[in-house]
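Q: Single-letter residue listing:
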Amino acid sequence: MGQFSKIFKFELKGYLTNKVFVGVTAFIMAILAVVLFFPRVADLIKGDDEPDEPGAVEPGERDVMLVKGGDETVRSALEQAFPDLEVRLEDGDVRTPVTRGEAECAVELRGLSDFTYYVDNLSMYDTNADTVSGVLTELYRLAAMTEAGVSPEKAQEIMSTFARYEVRSLGVDQGQNFFYTYIMIFALYMVILLYGQMVATNVATEKSSRAMELLVTSARPTSMMFGKVMASCLAGFTQLVCVFGSALLFYKLNEPYWADVGIMGMFFDMPVPLLAYMLVFFILGFLIYAFLYGAIGSTASKLEDINTSVMPITMLFVAGFLVVVMGMTSGSVDTPLMVACSYIPFTSPMAMFTRIAMSHPAAWEIAVSVAILAASCVGVGILAAKIYRVGVLLYGGKPKLRDILRSLKNA
Amino acid sequence: MLLELRDIHKSFGEKKVLTGVSFRAESGKAFGLLGRNGAGKTTSIRILMDVFPANSGQVLLDGRPIDYKKVGIGYLPEERGLYPKKKIIDQLVYFAQLKGMRTPDAVKSIDRWLARLGMTEYRGKRLDTLSKGNQQKIQLVTALAHDPEIVILDEPFSGLDPVNAMLLKDVVKEEIARGKIVLFSSHQMSYIEEFCDSIAIINKGVVALTGDLYDIKREYPRDRLAIRSTQGDKIAAAFPGRTSEAENGELILKLSDPGEKMAVMQSLSRDFDIDEVRVFEPSLNDIFVEYAGEQE
Chain A
1 MGQFSKIFKF ELKGYLTNKV FVGVTAFIMA ILAVVLFFPR VADLIKGDDE PDEPGAVEPG
61 ERDVMLVKGG DETVRSALEQ AFPDLEVRLE DGDVRTPVTR GEAECAVELR GLSDFTYYVD
121 NLSMYDTNAD TVSGVLTELY RLAAMTEAGV SPEKAQEIMS TFARYEVRSL GVDQGQNFFY
181 TYIMIFALYM VILLYGQMVA TNVATEKSSR AMELLVTSAR PTSMMFGKVM ASCLAGFTQL
241 VCVFGSALLF YKLNEPYWAD VGIMGMFFDM PVPLLAYMLV FFILGFLIYA FLYGAIGSTA
301 SKLEDINTSV MPITMLFVAG FLVVVMGMTS GSVDTPLMVA CSYIPFTSPM AMFTRIAMSH
361 PAAWEIAVSV AILAASCVGV GILAAKIYRV GVLLYGGKPK LRDILRSLKN A
Chain B
412 MLLELRDIHK SFGEKKVLTG VSFRAESGKA FGLLGRNGAG KTTSIRILMD VFPANSGQVL
472 LDGRPIDYKK VGIGYLPEER GLYPKKKIID QLVYFAQLKG MRTPDAVKSI DRWLARLGMT
532 EYRGKRLDTL SKGNQQKIQL VTALAHDPEI VILDEPFSGL DPVNAMLLKD VVKEEIARGK
592 IVLFSSHQMS YIEEFCDSIA IINKGVVALT GDLYDIKREY PRDRLAIRST QGDKIAAAFP
652 GRTSEAENGE LILKLSDPGE KMAVMQSLSR DFDIDEVRVF EPSLNDIFVE YAGEQE
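Quick note, the sequences are listed as chains A and B, same order. Following the working numbering, the numbering of the first sequence begins with 1 at its first residue and continues without gaps. Following the working numbering, the numbering of the second sequence begins with 412 at its first residue and continues without gaps.
So here's chain A without its partners, still in its complex pose:
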C-alpha cells in the first residue's frame, strides 16, 4: 500500500504538472467561457449601438427576388414571407438576372398552383421554394374559397386555424436527453481513448528509457500498474470536472442571456441521478480500459510500437461506441444488440449509461450490469498486472500473444 500511494502521487503529479495537460484543459475552459459569455458580451456591445432590427435594412441593400406571372397580391404576400428580400415583379426574362447575380432568386408562376424557382447555386439549406409554395397554396385556397362564396374574412379565419396540441412523455424525453447523453458518451469516449493511450505511452516510455530496469527492482508490478492507472483515472476525472464544471458555471452565470436558445437548456438540464450513474460508469469503464492499455504498453519495446499494439483495444472500444451512437440516433436504445452490449463489460459503460438516460431499464438490469463490470475490472486488473510483470522485462521485437501467454504460466 505504501508503494502504491507513492507511485500514485508521483504519477498524478506528473499529469498535473504536465504543460500539455494543463494547457489543453485551460484552453477548453477558455473556449467554453468565450462561447457561453458571448450573448452577454454581444448584448453589451449592441446596447451602445442602434437596435439592429432586421426590417431596418434599406430596400436598396436587400437582395432581390424576381416574380414573373404574378400580381401585386402575390408580391406583397411573398414580401411578407421573405422580410430579407426585396420582391419585384418582372415581365421579361428572369433567369439572366439570377445567373448574373443581379437577383438572388426568381419565381416564375404558371397560375397559383404551379411555379418554377430559379436560383444560381442551390444551397443545401435553401428552403425558399417550400416557403413560396406555402404562400401560393394559401393564396390559392383563399381565392378558391372566396370564389365558392365564403367571405374573405371567414376564409382568412379558416386558413389561420390549426389544431392545438401538447406532448407529454410518460417515460423519458429522448429528444431532450439525446443531447446531454451524447455529450457524456462522447466525453467518456474521448477521455478513455486519450488517457488509455497516455497510460500505454507512459509505461512504454519507462521501458524504452530503461527506467524500468530500476523500477522493477524497487516496486511490485501490481503497485506500479494500479498506481499508474488510478493516477491517470483521477487526472482524467479532474479534467472532466474542470471542463464540465466550468461549462456549467459559465452557463449559470449567463443563463438569462441563453433563455431564447432552448437547446442550451437541454445540454445543461441533466438530472443529478444521471450524473451519479455517469460517475460510476466513467470510473469503471476508464479502469477496465486503462488496465488493458497499461498491459499492452508493457509489452512494447519501443514507443513506435505503441500505436499498432493498442489497435485491437481501440478498435473494440470504437466498435462499442459506434453501436451505442447508432442505437441512440435510431431512437431505439433497447434493441437486443444494445441490451447485450449493456452487459458486456467493455461496452456496458456506454451502452448501459445510454439506456439509463434514454430509456428506463429495470433496477436489477443496472445492478447486474454494474456488478459484471466491477468484477471484470478486478479480473482485468489482476491479469494486466501479470502481463505487466512479464512484459516489462521483455525487450527486442514485438512479442507475440502466444509468447506472453506462455511466459504468464511461468511467472
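Note that these hints are calculated values from the structure, not bench results. None of these values were measured; they are calculated from a predicted model. No false leads were mixed into what you were given.
Here are the simulated EDC-like cross-link-like pairs (lysine to aspartate or glutamate), alpha carbons at most 16 Å apart as the crow flies:
id : chain 1 : residue 1 : chain 2 : residue 2
1  : A       : Lys13     : B       : Asp501
2  : A       : Lys6      : B       : Asp501
3  : A       : Lys9      : B       : Asp501
Given chain A, work out where chain B should sit, using these hints.
A: Leaving out everything else, chain B in the frame of chain A:
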C-alpha cells in the same frame, strides 16, 4: 554479513538460463560476477533482487532466507535509464521513497550524495539536459541514497571519463570500507582485479569458477615462465613449439614439468641475455578467457 546464492535453477519457457548457480559474497569485500554476454549474470542479479523467483534454489543472508523487507539493496543496472523529462531531485526522491525512505531523510541523503559526486548544481535540472557521464552519476545516487546493505553495480565504469572513474573508485572503496556487500559485474577485468577479493565466472548458466581471486591465481598451474629479453628469437629457437608471446611483449615459455623451473631459469640466464625471468602468473583476463572463452 554473508550473502549466498545456493543452487539456483531458472528457465524461461523451454530455455534453461541458470543451472545450479552458487556463489557467496561477504560484507566488507567486493565480489566480481563475470561472464560473457548472455551467460546469466543479469538473471542471477534479478533473482538475487527478487524481481522474479528462481525455479529452485535459495538466496541466503547469513544462512537464512533473505528478507527483502529488511535488507536494502542498491542497484546500478547495466542498461542505464531514469525519467529523461523529470527533474533530477524529484526522481531521486521518488526512487528513494520506493526503497522505503521517508521524504525528508531521502532529500537529506540525496543532497549529500549529489555534493559528494559534485552534482549539486544539477539538482533542479531535467535529466536529459545532462551529459551521459553525469547522468550515470545521477543513476549511481539511486543505487546508494537509501544506504543499502547490498550494492550491486553492473558495469559501473563504462562511459565514465578517467576523472569520474577515479571518483567512482573512491566511492566504491568507501562503501566497501563501511562494511557493505559490493557486487560487481563487469567486462573490464582491470577494475575487477583492482577491487574484488573473490569472483565467480558464469558460463552458459553454470558457475565455471568461483573463489578467492588470490587463491585462484596461486592455484593456477605454475608451469610457465615469463621472460623479458632482447634475444627472444634465439630463446624461441632453443625451445621449439613451447613459446608464445604475451600481450606486453614478454616471451612465455611453457615448461614440460613445473619441477624443471629452477634448471630452466639457470640455463636461460647462463645462455642468453636475460633482463627478467619469473614464474608466469595469469591475469584475470587470461583466466576469464580460459573459463568463459570456449562458448561457441
